[in-house]
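Starting from the known structure of chain A, arrange chain B on it as the hints suggest.
There are 2 protein chains.
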Amino acid sequence: MEMVLRPVGIVIKKQDDISEIEIYQEYSPGLKSVENRTHLWIMFWMSRLSEADRKVLQAHPMGDRSKEIRGVFALRSPMRPNPIGLTKIELISKNENILIVSGLDAFEGSPIIDIKPA
Amino acid sequence: MEMVLRPVGIVIKKQDDISEIEIYQEYSPGLKSVENRTHLWIMFWMSRLSEADRKVLQAHPMGDRSKEIRGVFALRSPMRPNPIGLTKIELISKNENILIVSGLDAFEGSPIIDIKPA
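First to last, the protein sequences are chains A and B.
Under my numbering, residue 118 is the last one in the first sequence; the count climbs by one each step, no gaps.
Under my numbering, residue 118 is the last one in the second sequence; the count climbs by one each step, no gaps.
Chain A on its own, in the form it takes in the complex:
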């Protein structure tokens, strides 16, 4: 079975802890009533990770070598077989197809995969 993701938007970093999530026009009907939520789960593709990063299955927590090595499924490490980031953000405001959010730990330009109510 092919499991191919479609980008529904993109991350734009602003100052400090604030980001914009721009949802592409074709998907913007999916945002109806999102403004009634205070918190949302954002799924994004960690596009800077390499094929080698997808092969990593164990790591030290936060890269701290004094801590015992763990499997990536027991870690929040970005290195994992499917580089999907999952972050609960605070929704500050919505302006048409743009969400202004706080707390999104995604790099500029990361593709947005999904948004779910938290």
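Some hints could be false.
Because identical chains cannot be distinguished in the list, a pair is counted as satisfied if it fits within a single copy or across any two copies.
The list that follows gives simulated cross-link-like pairs (lysine to aspartate or glutamate, DMTMM-like), each with its CA atoms no further than 25 Å apart [said to hold, decoys possible]: (1) Lys55 <-> Glu35; (2) Lys32 <-> Asp53; (3) Lys55 <-> Glu68; (4) Lys88 <-> Glu108; (5) Lys88 <-> Asp105; (6) Lys55 <-> Glu2; (7) Lys13 <-> Glu2.
Because the hints were derived from the structure by calculation, they are not lab data.
Structure of chain B alone, referenced to chain A:
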């Protein structure tokens, strides 16, 4: 950019609310120390959804037509552009590459995409 997911395991339904998550041997090193967690986020591919389901951008909450229509990004509806299910489960036990879990609302045979600590 191509965003292609790799199945790391599969869902096997047991009685009542109990499921097994079988992680494929090649990915089983990723499970090290997972047994120290009581709860985990499971990401799975909702493989029964069709291409038409991926085009749905608005729906009534829980299919209840007495409730106002919302965007799928404000809903837990399985119909959405990227059919990734996200469920917080309770880890009951781990036996080598098999996790026994409670509360996973995924169909038999659903591909597992990722596991993250909750």
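(Q) Are any of the numbered hints broken by this structure? If so, which, sorted upward? (A) none
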